[in-house]
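Student: Letter by letter, the chains look like this.
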Amino acid sequence: MPRWSKEKRARFREIERDFHVRAFGEELARVNLDMTKEERLRYIDWMCETARKNGVPHKRWHVGEGYLEDEDFESESTPSASHIARRQNPNSPH
Amino acid sequence: MFYEGLVETLRSRGVICAITSGLACVHYGIAETTQDCDLLCHPGSFKELLDLLSETKICGAPCGYRGNISPPLDARWHRGGWTSHFQWDIQPQAMTLDVFGCAVRQSGPWEHDLSGFYAGRNVVAEMKRTDRDKDWPFITSLGTDMLNARDPRGWLHLFEADAFSEMQEQGSIPPEMISVRPVLKLAVKHDTRLRQALLAERHLWQELDRLRIRIYRAALRPYLLAVGRAAISRGAPLREQHESRLACAQNTFGPESSRGPWYRTLYRRSASGDCRFRPA
Numbered sequence: 001m002p003r004w005s006k007e008k009r010a011r012f013r014e015i016e017r018d019f020h021v022r023a024f025g026e027e028l029a030r031v032n033l034d035m036t037k038e039e040r041l042r043y044i045d046w047m048c049e050t051a052r053k054n055g056v057p058h059k060r061w062h063v064g065e066g067y068l069e070d071e072d073f074e075s076e077s078t079p080s081a082s083h084i085a086r087r088q089n090p091n092s093p094h
Numbered sequence: 001m002f003y004e005g006l007v008e009t010l011r012s013r014g015v016i017c018a019i020t021s022g023l024a025c026v027h028y029g030i031a032e033t034t035q036d037c038d039l040l041c042h043p044g045s046f047k048e049l050l051d052l053l054s055e056t057k058i059c060g061a062p063c064g065y066r067g068n069i070s071p072p073l074d075a076r077w078h079r080g081g082w083t084s085h086f087q088w089d090i091q092p093q094a095m096t097l098d099v100f101g102c103a104v105r106q107s108g109p110w111e112h113d114l115s116g117f118y119a120g121r122n123v124v125a126e127m128k129r130t131d132r133d134k135d136w137p138f139i140t141s142l143g144t145d146m147l148n149a150r151d152p153r154g155w156l157h158l159f160e161a162d163a164f165s166e167m168q169e170q171g172s173i174p175p176e177m178i179s180v181r182p183v184l185k186l187a188v189k190h191d192t193r194l195r196q197a198l199l200a201e202r203h204l205w206q207e208l209d210r211l212r213i214r215i216y217r218a219a220l221r222p223y224l225l226a227v228g229r230a231a232i233s234r235g236a237p238l239r240e241q242h243e244s245r246l247a248c249a250q251n252t253f254g255p256e257s258s259r260g261p262w263y264r265t266l267y268r269r270s271a272s273g274d275c276r277f278r279p280a
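Residue numbers (my numbering), protein chains in the order written: chain A, 1 to 94; chain B, 1 to 280.
Hints in this document: simulated from the structure, not taken from any laboratory.
As the structure is a computational prediction, the values presented were derived from the model and not from experiment.
Yeah, the Cβ is synthetic: ideal placement off N, Cα and C, and Gly gets one too.
There could be a bad hint or two in this list.
Stated by the list, open to error - Simulated pairs of lysine to aspartate or glutamate, DMTMM-like, Cα-Cα distance not exceeding 20 Å:
#1 A:Lys8 - A:Asp34
#2 A:Lys6 - A:Asp18
#3 B:Lys134 - A:Glu27
#4 A:Lys8 - A:Asp18
#5 A:Lys53 - B:Asp36
#6 A:Lys6 - B:Asp151
#7 B:Lys185 - B:Glu201
#8 B:Lys134 - B:Asp145
#9 B:Lys57 - B:Asp36
#10 A:Lys37 - B:Glu4
#11 A:Lys8 - B:Glu207
#12 A:Lys37 - B:Asp145
#13 B:Lys189 - B:Glu166
#14 A:Lys6 - B:Glu169
#15 B:Lys134 - A:Glu26
#16 B:Lys47 - B:Glu111
#17 B:Lys134 - A:Asp18
#18 A:Lys37 - A:Glu27
#19 B:Lys47 - B:Glu240
#20 B:Lys189 - B:Glu201
#21 B:Lys185 - B:Asp162
#22 A:Lys6 - B:Asp145
#23 B:Lys185 - B:Glu207
#24 A:Lys6 - B:Glu166
#25 B:Lys189 - B:Glu169
#26 A:Lys8 - B:Glu166
#27 A:Lys53 - B:Asp89
#28 A:Lys8 - B:Asp145
#29 B:Lys57 - B:Glu8
#30 A:Lys6 - A:Asp34
#31 A:Lys8 - B:Glu169
#32 B:Lys134 - B:Glu111
#33 A:Lys37 - B:Asp36
#34 A:Lys37 - B:Glu8
#35 B:Lys134 - B:Asp89
#36 A:Lys8 - B:Asp162
#37 B:Lys57 - B:Glu4
As the list claims (entries may be wrong) - So these bits of chain B aren't anywhere near chain A, every CB distance computed over 12 Å:
#38 Ser12
#39 Ile58
#40 Gly60
Using the sequences and the accompanying hints, generate a full structural model.
Tutor: Structure below.
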């Protein structure tokens, strides 16, 4: 298969960038398209660490590639993971 | 990266496996804020995977099953779409590994579509068709990336009308893709209804996923209670945890009861009209 011409490759890149800006915003478009994979991973680590420090909840459970939240089972008589976590952490809300 | 090393070791032992979902997106140039690893592993190799997890410690912490929800790593239930969850309890945050025997919504065997340590873009894009709004821009990104790499299956993963029209300026949609995804006919004709049709298509996938999760959730309840009653120690060796969960699964799911539960239930509900798509 012949290679894309230089112009065509540039146009694809432009379309891709436009979509990333529309879908994820300027900053993430730069992360996605201008950074190396290592830099991207470091950026994500920093974002996740900042979220964790600010108390953003992390847990989710796959069911296939769908998700259950711990809260889905909070009415169960057996304590769910989040119940246990709350019991262990007296400062936790609820 | 730790998980790439894990895949490398598994493959050296003959295991067919690949990293998918969020970390695969990062690999393909789309940042997703996840540090969880989702691993596709052929169900025939679960014993080797469990052996490796049993012997792998991180900062001295052994691997264990995560929470009460996780079904055991066993082909019988994974063939039915269940997923097993593992973690290493390290500070400041546990490292997690979710294992899939089957790639949900896969149109072909995922084992045939790999890229290095990772599942192919097509597999990742199909798995991302979840009920969560946040997953959908990733699918279109993977689609544009595939078209850029001259993979025509990228046309199956564009869910944004503007991306469609821009991509169409660069090349036409092959007829074999149109037969797989009828909405592409509207794109070919530059029909103004494309935008709404793409939205409807996405809603359909999301509703389907919600229904699927509801079915799994109902099936999971007795298992969750059984695991809670079994009071399996989190400090127990992984093999011991596994045997206890197997016993719980055998008593609650039945020997093969999870084999394709959602397909069967969806078919039954669809036949009874219970599964009709109702827009919000």
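Student: Which earlier hints can't be squared with this structure?
Tutor: 11, 23, 32, 35
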